[in-house]
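Enquirer: Construct the complete structure from the given sequences, taking the supplied hints into account.
As you go down the protein sequences, you meet chains A and B in turn. Position 38 of the first sequence, counting from 1, maps to 38 under our numbering, and the rest follow consecutively. Position 803 of the second sequence, counting from 1, maps to 803 under our numbering, and the rest follow consecutively.
Among the clues, some could well be false.
Claimed, not checked - Covered by chain B, per the in silico footprint, the following chain A stretches (three or more residues, Cβ under 8 Å): (1) 50-61; (2) 67-78.
Said to hold, decoys possible - Computed far set for chain B versus chain A, every beta-carbon distance over 12 Å: (3) 118; (4) 641; (5) 1012.
Rather than coming from a laboratory, the hints here were simulated on the basis of the structure. All C-beta atoms, glycine included, are put in the ideal place defined by N, C-alpha and C.
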Amino acid sequence: MGFEPKIIAFCCNWCSYAAADLAGTARMQYPHNVRIIRVMCSGMVHPELVLDALSHGADGVIVLGCHLGECHYQDGNRKALARSEVITELLEDFGYETERYEISWLSSSEPDRLVKAFTGITERVRKMGPVNARDLAG
Amino acid sequence: MLETKKVGSVMIVGGGVTGIQAALDLADAGYFVYLIEKSGAIGGAMAQLDKTFPTNDCSMCIIAPKLVECGRHLNIRILTLSTVAGISGSAGNFKITVKERPRYVDVDKCIACGLCAEKCPKKVSDEYNAGTGRRKAVFLKYPQAVPLKYQIDPEACLQLKKPGSCGLCEKVCDAGAINFADTEKAHAFSVGALVLAPGFEPFNPEAAGIWGFGKFPNVITSLQLERYLSATGPTDGHLARPSDGKPVRKIAFLQCVGSRDENKCGKGYCSSICCMAAIKEASMVKEHMPGLSASIFYMDMRTHGKGFDKYYEQAKSELGVRFVRCRVHGVEPHGKNGDLRLRYINEQGRQVEEYYDMVVLSVGIETPKHMLDMADLVGIQMTANNFAAASDFSPVTTSKEGIFTCGAFAGPKDIPQSVVEGSAAAAAVAQFLAPARGKLTRGKAYPEERDVSMEAPRIGVFVCHCGSNIAGVVDVVAVEKHAATLPFVVHVERNIFACSEDTQQTLISRIKEKGLNRIVVAACTPRTHEYLFRGTLKAAGLNEYMVEIANIRNHNSWVHAENQQVATTKACDLVRMAVAKITSSVPLAAVTVPIVPKGLVIGGGLAGMTAALSLAEQGFEVHLVEKTDKLGGNSLNLKHTYSGEHVPMKVAKLIDRILLNEKVILHKESVVSGVEGFVGNFKTTLKNVNGRSRTIEHGVGIVATGGKIYSPDEYGYKTIRRVVTSIEFDKLHDLKETHVKRGKSFVFIQCVGSREKERMYCSKVCCTHSVQSAIELKREDSSRNVYILYRDMRTYGERESLYKKARQMGVVFINYELHGKPKVTANGKSIDVELWDHVLHRPLLIKADMVILAAAIVANKDAENLAKLYNIPLEENGFFQEAHVKLRPVDFMTDGMFMAGLAHYPKPVDESVAQALAASARAATLLSRKEVTLDAVKAIVDPAFCDGCALCIDVCPYQAITLVEKDAVTADGQAVKIVAINEAQCKGCGLCQGTCPKRGVYVAGFTLDQLRDQVRAALQA
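Expert: Next up, the structure:
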């Protein structure tokens, strides 16, 4: 069997976690590589968590929040988006490819977008190879 | 005359989902409930279903929490094997006698171990499995039954029929629960009101003979198919032919068996639910058996509910279910091996013969004799179709004061509508018994919370099979084994349904026996089931936040059904993550805040007014907001309801009652401009037409902002003068406009703007509306030619009688398909309508004087603004999205917010009123409390790390964080600052936690450490 990436997904309770529930109800099938961690809001995800995941062997990290303008907590997802820039810079500093991290938006009634996002990051990271593979090769 | 002193208790007859909903709403709103159930356990028909449309939710999974809640509610007393034997007294204070048949099993002793049934030698046909399986003479109605107690069937029991002949069960029962000497008991209760929710029975197709039911084993009913598909059914969810066990490759569904058929079964009405049930079942069998072919033979597909047409289209285009428009009049055997032959005339007019492995009869619903006897006994009127009679404006109020009704007993309807009516009946009762609220109820008392702060973690893991939903994909034994290896896990077990009442009891005993202080349930989603397990922990004396759910169903077995191995690995990972998270959980103290006992209703149409008046009559102050200068909304456009009630008169009366009620505070020409707060303590700012603002404090909100009429851009509307919409036509007709008055030829075109790609939903009211208008035109002048061009006539339920009447009066109904829409062109003084005639198989030209377009109902644009302000979601068509389509049809996911009327989905008067009452009942369950308990998931400051940098203050959306002085000073004498959280304002979003550079603030239940532990656990392996 080829390389199976490990992906950590932070899903907000109100939109993306609900969409993941709905994907199940609708029996949509998606890559098994993703492990969902439920957070109250995408804005709850501290940059440290993303780094911690990558340093412990996650090959990719995705944060999924509600659509911009539809946050259950007014604008928590905008805060998450702003923080995303910091996260990207941190990843560069620590020598990770920034493509290993993604932040996306979907509503609770869009399980198809969730499936797409999960499939997208899994396939992208699969092509990139395991995390820190560059260091090991070098 | 002295008014009867009202009693604060209610009797509900029928323990199905309708009665359960009414019971819960009433008990939560301060009334003591006696829930009378004829069989040995509550749950009704819903407990027999495998899946529910249109979400394919597992029926048992969604009803089980309600069963459990009902079973453990302090203010609900369930009486099983019971029926009403007599009624006296008057509304407000009835004396009702109840006959309780002997169970022969002592419920206080029975531990439901099942030994009795194992040893019982007598097997009989099982009603719960609709006759598809067999049960013993001593039996449990179904595995998740509430109460979870065995019972003996006196008709089957050898010992009861001939004492001394058996008695094996008594010998093996260690609990000593068997009591052959049990006798019938009579109870007498004083209650203020009676709610009849006995439900329905499926039509028995055997007597009619023509379908071969009872003769050919492979002809089964839709309910039997549900049992075959169910994991708890006779074949453990495997569909095989009853005759020879051969896998089913070709299956046919025959619609309208026992519905819309006066000749063979004496039932003129439509049963409303069978079309969707057949689509669901066809979709499910196709899922169970890839490659299977499923055909549905129907007259009209009646998929008029929310999300139904989309479901229908998916079944057709994505799953490949075949739909054949034709009524099949008989089933014949083909050969000797159990195959079946159907003969029918297809749409091209040819006679066709087809062969099937199995034929499913989509049986209708009816009111059985014993329910009619009960109706007679209590003295209420029934309709010609044997359903409880009620006005469209008070759909849950029977003809007798103090007696209410809901669910399928009050007319054929599906689960969401039944649940709506259950809540609606609760509101109607609460309005009637308002002075007696809280007189007979008790408060909830939980055992004292065990202090576990000094204990090392002792984790119990419970792995749910969810019938076959999880266990059918995931190797649950492997998950169990893996869980046992995890740190701090001291107990692991598997449960068929973790949400069932018996598992709750198991959880409580395990917590006590094994001294567990943390629980992981590997099951479905915490979004629907967390509260259930929290309640169980509380009942076990454990802090309710010491439970974590690993979602191994929605996020695993359902989405990786094709790969059992990876699903098992992932389930182990999810359990490990949950264990890691719960290990560092600490008990959280709930925050309670007082509730402002006032309601806010947005929208002054029929639904809004009904909801406002209902709350006011229940004794709560209500603010009613209407954006125009007039109350009434869309109802001002209507003339008659489907049963012929005069809308303007009824609406005028309702407006009067609103204006006269001191508790309703009206805000006309006002809109919502700002919202703050949360359940129990909302602050809504209204802005009126003069630009003046005022802020209202309220505990709950009901959104009833209505819908509007779609403005068509086809069929010459806007270009040809005499092409009008139904509502415009009604006005012209009312005004006796010349073209209408003199017109001789009228064409109604249905589904204008509905059931199309951009709007894949049915507007629900238009078929009935056009039929009523057509009847009126014919009644005025029978020489008129009136045509209705339709895709499917959806005169559901008892509306079917109008369709029949129109046909009898000579209204011509012509079917068209979406790809062959009628063409409308002006031709001098008349209008040419061309279309393909499917019966005559040739093009048809109608010369019309007027063309009436049944235009869709669309969502109001205002909804978008409200959605943002209150954080309440809209679905794809712009209507509001309820918390759960089946079981929470008027609730929003946001606590304290409810919806009613067209803002939710197109619907007729009676359904709008029912939904408005339901919203009021749900709102009243909150308003009747003194305080609301807020989720304890809130930010907490760690003074050891917070250095008062105040970055979190900037990101907090609720201004819940302030900078305060610490009792310390810096070296240079400056006061040390630190942040503080206002608990009532904090909603636990964790923006502060995500921002804090010092780990100085965290959200209880989602701390940075817990999330990090989850991440690391996920990556271990």
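Enquirer: Kindly indicate which numbered hints from before are broken by the structure, ordering the numbers from low to high.
Expert: The structure breaks only hint 5.
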